[in-house]
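Peer 1: Spelled out, the chains give:
There are 2 protein chains.
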Amino acid sequence: MFRYLVSINEALGQVLPNVGVIDCVEEVDLQDAVGRVLAKDVEAPFDVPPFDRAAVDGYAVRAEDTFGSSRTNPIRLPVRGFSRPGSPFNGTVGPGEAVEIATGAPLPPGTNAVVPYEDTRRDGDHVEVYRPVSVYGNVSRAGEDLRKGETILARGTRLKPWDVAVFASVGYTSLPVRCPPRVGLVATGNEVVEPGEPLGEGQVYNSTRVMVESMIRELGGRPKYYGIWPDDEEKLVGVITHALEENDMVITTGGVSVGKVDHTVRAVQSLRPDVFVHGVAVRPGRPNSVALVRGKPIVMLSGFPVAALVGFEVFARPILLAMLGAADEPRPTVRGRLTRRIAKPVNVKAFVRVRVYRHGDEVMVEPLALTGSGVLSTLSRGNGLLIVPEDLEGYDEGDIVEVQLLRPPA
Amino acid sequence: MFRYLVSINEALGQVLPNVGVIDCVEEVDLQDAVGRVLAKDVEAPFDVPPFDRAAVDGYAVRAEDTFGSSRTNPIRLPVRGFSRPGSPFNGTVGPGEAVEIATGAPLPPGTNAVVPYEDTRRDGDHVEVYRPVSVYGNVSRAGEDLRKGETILARGTRLKPWDVAVFASVGYTSLPVRCPPRVGLVATGNEVVEPGEPLGEGQVYNSTRVMVESMIRELGGRPKYYGIWPDDEEKLVGVITHALEENDMVITTGGVSVGKVDHTVRAVQSLRPDVFVHGVAVRPGRPNSVALVRGKPIVMLSGFPVAALVGFEVFARPILLAMLGAADEPRPTVRGRLTRRIAKPVNVKAFVRVRVYRHGDEVMVEPLALTGSGVLSTLSRGNGLLIVPEDLEGYDEGDIVEVQLLRPPA
Numbered sequence: 001m002f003r004y005l006v007s008i009n010e011a012l013g014q015v016l017p018n019v020g021v022i023d024c025v026e027e028v029d030l031q032d033a034v035g036r037v038l039a040k041d042v043e044a045p046f047d048v049p050p051f052d053r054a055a056v057d058g059y060a061v062r063a064e065d066t067f068g069s070s071r072t073n074p075i076r077l078p079v080r081g082f083s084r085p086g087s088p089f090n091g092t093v094g095p096g097e098a099v100e101i102a103t104g105a106p107l108p109p110g111t112n113a114v115v116p117y118e119d120t121r122r123d124g125d126h127v128e129v130y131r132p133v134s135v136y137g138n139v140s141r142a143g144e145d146l147r148k149g150e151t152i153l154a155r156g157t158r159l160k161p162w163d164v165a166v167f168a169s170v171g172y173t174s175l176p177v178r179c180p181p182r183v184g185l186v187a188t189g190n191e192v193v194e195p196g197e198p199l200g201e202g203q204v205y206n207s208t209r210v211m212v213e214s215m216i217r218e219l220g221g222r223p224k225y226y227g228i229w230p231d232d233e234e235k236l237v238g239v240i241t242h243a244l245e246e247n248d249m250v251i252t253t254g255g256v257s258v259g260k261v262d263h264t265v266r267a268v269q270s271l272r273p274d275v276f277v278h279g280v281a282v283r284p285g286r287p288n289s290v291a292l293v294r295g296k297p298i299v300m301l302s303g304f305p306v307a308a309l310v311g312f313e314v315f316a317r318p319i320l321l322a323m324l325g326a327a328d329e330p331r332p333t334v335r336g337r338l339t340r341r342i343a344k345p346v347n348v349k350a351f352v353r354v355r356v357y358r359h360g361d362e363v364m365v366e367p368l369a370l371t372g373s374g375v376l377s378t379l380s381r382g383n384g385l386l387i388v389p390e391d392l393e394g395y396d397e398g399d400i401v402e403v404q405l406l407r408p409p410a
Numbered sequence: 001m002f003r004y005l006v007s008i009n010e011a012l013g014q015v016l017p018n019v020g021v022i023d024c025v026e027e028v029d030l031q032d033a034v035g036r037v038l039a040k041d042v043e044a045p046f047d048v049p050p051f052d053r054a055a056v057d058g059y060a061v062r063a064e065d066t067f068g069s070s071r072t073n074p075i076r077l078p079v080r081g082f083s084r085p086g087s088p089f090n091g092t093v094g095p096g097e098a099v100e101i102a103t104g105a106p107l108p109p110g111t112n113a114v115v116p117y118e119d120t121r122r123d124g125d126h127v128e129v130y131r132p133v134s135v136y137g138n139v140s141r142a143g144e145d146l147r148k149g150e151t152i153l154a155r156g157t158r159l160k161p162w163d164v165a166v167f168a169s170v171g172y173t174s175l176p177v178r179c180p181p182r183v184g185l186v187a188t189g190n191e192v193v194e195p196g197e198p199l200g201e202g203q204v205y206n207s208t209r210v211m212v213e214s215m216i217r218e219l220g221g222r223p224k225y226y227g228i229w230p231d232d233e234e235k236l237v238g239v240i241t242h243a244l245e246e247n248d249m250v251i252t253t254g255g256v257s258v259g260k261v262d263h264t265v266r267a268v269q270s271l272r273p274d275v276f277v278h279g280v281a282v283r284p285g286r287p288n289s290v291a292l293v294r295g296k297p298i299v300m301l302s303g304f305p306v307a308a309l310v311g312f313e314v315f316a317r318p319i320l321l322a323m324l325g326a327a328d329e330p331r332p333t334v335r336g337r338l339t340r341r342i343a344k345p346v347n348v349k350a351f352v353r354v355r356v357y358r359h360g361d362e363v364m365v366e367p368l369a370l371t372g373s374g375v376l377s378t379l380s381r382g383n384g385l386l387i388v389p390e391d392l393e394g395y396d397e398g399d400i401v402e403v404q405l406l407r408p409p410a
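Heads up: the sequence lines are chains F and R, in that order. Each residue of the first sequence is one higher than the last, beginning at 1 in the numbering used here. Each residue of the second sequence is one higher than the last, beginning at 1 in the numbering used here.
Just so you know, these hints were derived from the structure itself, not from any lab. Keep in mind that the hints are not guaranteed to be accurate.
No distinction is drawn between identical chains; accordingly, a pair holds when it is met within one copy or between any pair of copies.
Below, computed lysine to any residue pairings styled on SDA-like, alpha-carbon distance capped at 25 Å [to be verified]: (1) 148 with 195; (2) 224 with 32; (3) 224 with 173; (4) 40 with 18; (5) 40 with 155; (6) 148 with 201; (7) 224 with 35; (8) 40 with 17.
Work out the full structure, taking the sequences as your base and the hints as a guide.
Peer 2: So this is what it looks like as structure tokens:
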């Protein structure tokens, strides 16, 4: 068994200081920028709005002309034209004159406020104003939204759909984003075959590949798959070395237990790692391991999908985020009442799949399995994840716990 | 102005009952299935595990042979071989015999339990067992995880990376998912030009296109863009009719205000809609409108990105989810203290962009702007969204509110 299990934070503390932000920036079209991480601060190239414009539909006036107006004592102004977005009023508006105006249209020179329709009555070529408007009332001032040169979003921001709307508004067609970290993925195990092949006696399908690849992609990395390799130390040394050369990081699956078959661990050890952590105080996923070889991280995941998922979350995710210079996204959470006791050793962090459901007014949290890294069905049956920190021995039945919500509650 | 503003729920209540799940299923490779919505219940094609297998590294034995063993009185068994995943032990194990076994390997016939290494000591060809093990102790029984024929995930489930791991485990290489709803996107406005073009006087860039397209894609729809159309009712009728024929749904942007330029509204009205809701009690985004023409929804969004975003959330999102037969994903939320009062008319739902930040131990929520659908910078400056329900007049400074978290807090 593992003689000494380091905590996740200790393990990361040895690896992360050696992981830098990927030194590669690419310019991508706006429509491809959503989900990517900004590599530079991006500034407003001009004021927004670029000109004073109407914030409501109504009449552009000189505010001073409306002072003292009321419903019983309206002020009557001749209407000189119409200012529309895209077809502004040409000409200057004199004192005591008005121009009809649509939201977003430029304020005609000579005016400094917009009276909304509801405070007016149209009478042929004239408009009657029933209420005074203040100077720049109902006007969006040039630059009030964004000032030319102001940083719109800072490097390290993961771009959302509405962010690209802001950049489109100021005319950007592309943005500088961080290149995707390249991640080599090496599957190992004599017993492992790809889905689609016939399953021989004692064989299992490679279930971690597609999961790990899609999690890499979701974070913004670019996976490259090197296939399934037998439990042969020499061959593993070869493919891992090759994958390290072609990528910024390598993830292996399988061969990390401490039985007689942990070929992956021995292969990585023979690469003379600068950092080598075999096994962490996490449950499930104790065999998950991490190393640093010639400055590049190698994350060794369990071959069992539940354990591999935990290993990806605790090691691969923070490393990929560090390479992108980005913070992790917030996760949906919910508080609920535990239906069953959860016990775990102190100093071990536990990732417990749970089923969150409503019972009357209450949210209930049912733990699915604490151990058993091969308990596959907890992935499909669970809709939540309860993380029990190192310093606790667990939770009691009836405790109120906060759970990450992975799907809508049942 | 709008004479009568219907609530979002009233408007949806007229449209959603007429929106069915897309009648189209496609089979996609596992690696393309993440994020898609299952179109059918998918069952386990065989038991998982397919055979009784070791849950730990150790020695496969007959449990009965270990009864009564202790550290002071170990039981000594001859070791007949090794069962590894992929290379199981060939042969039957007799009473009083053991086989060394690695996690995941098939339990050799004749044995019914595994003694973990830590309860044994190896001595040449023999092993000493220090602790009794119960029948099927440390064994994963065939079918205990998933039973053949059991539904792994039900139709309507949006697939996560770990879901495909479960399907890969049982040999699936592809899955039946709902075809993407086709969404025609028509931009309107004489003043609107595409980013990249020079900006004339009074013109604005089309900022909603890329935002709306990427939100459609994120939900699992397939956007088709029809370009920017002038404020010309006849031309709009033509392009909207064309887009309706080619898609399951149409989204327009612009031309929905109630000034003199609401050409989109008039164009859709002339298509003789079965349902037509012009303007909703939401802030910002009051002009957002929705219609049903020949059974297909048309969502008319404001041309202002902030208002369009709200309109997409309240109309396009529920319609697209209904077409996919899927529930909405849970959102990250946080509770914090409001730094400033928010006032709004009762019976109006308000979507307030906020900045969430930590101040000492407290989470603070700063409202950025309640009105001003054109206030673009609230999108980039905000990291949260506070939804104020219809029945409230707002919140007071210092109130504790729950906020959707759109980015990590500052």
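Peer 1: Each of the hints needs a verdict: does it hold here or not?
Peer 2: Against the structure, the hints come out as follows:
1. In the homo-oligomer, the alpha carbons of residue 148 and residue 195 lie at most 25 Å apart only across protomers (17 Å), although the nearest pairing inside one protomer, at 55 Å, exceeds that limit.
2. With identical chains, the CA atoms of residue 224 and residue 32 are at most 25 Å apart both within one copy (20 Å) and between copies (15 Å).
3. Taking the shortest alpha-carbon separations for residue 224 and residue 173, only the inter-copy value of 18 Å comes in at or below 25 Å, while the best intra-copy value is 29 Å.
4. Taking identical chains as interchangeable, the C-alpha atoms of residue 40 and residue 18 lie at most 25 Å apart only when both belong to the same chain, with a minimum of 22 Å there against 46 Å between chains.
5. Taking CA atoms no more than 25 Å apart as the test, residue 40 paired with residue 155 passes inside one copy only; the shortest distance there is 4 Å, against 42 Å between copies.
6. Taking identical chains as interchangeable, the C-alpha atoms of residue 148 and residue 201 lie at most 25 Å apart only when they sit on different chains, with a minimum of 17 Å there against 68 Å within one chain.
7. For the homomeric pair residue 224 and residue 35, the shortest alpha-carbon distances inside one copy (20 Å) and between copies (20 Å) are both at most 25 Å.
8. In this homomeric assembly, residue 40 and residue 17 come within 25 Å of each other (Cα to Cα) only inside a single copy, at 22 Å, whereas the closest approach across copies is 46 Å.
When each numbered hint is compared with the structure, no violation occurs for any of them.
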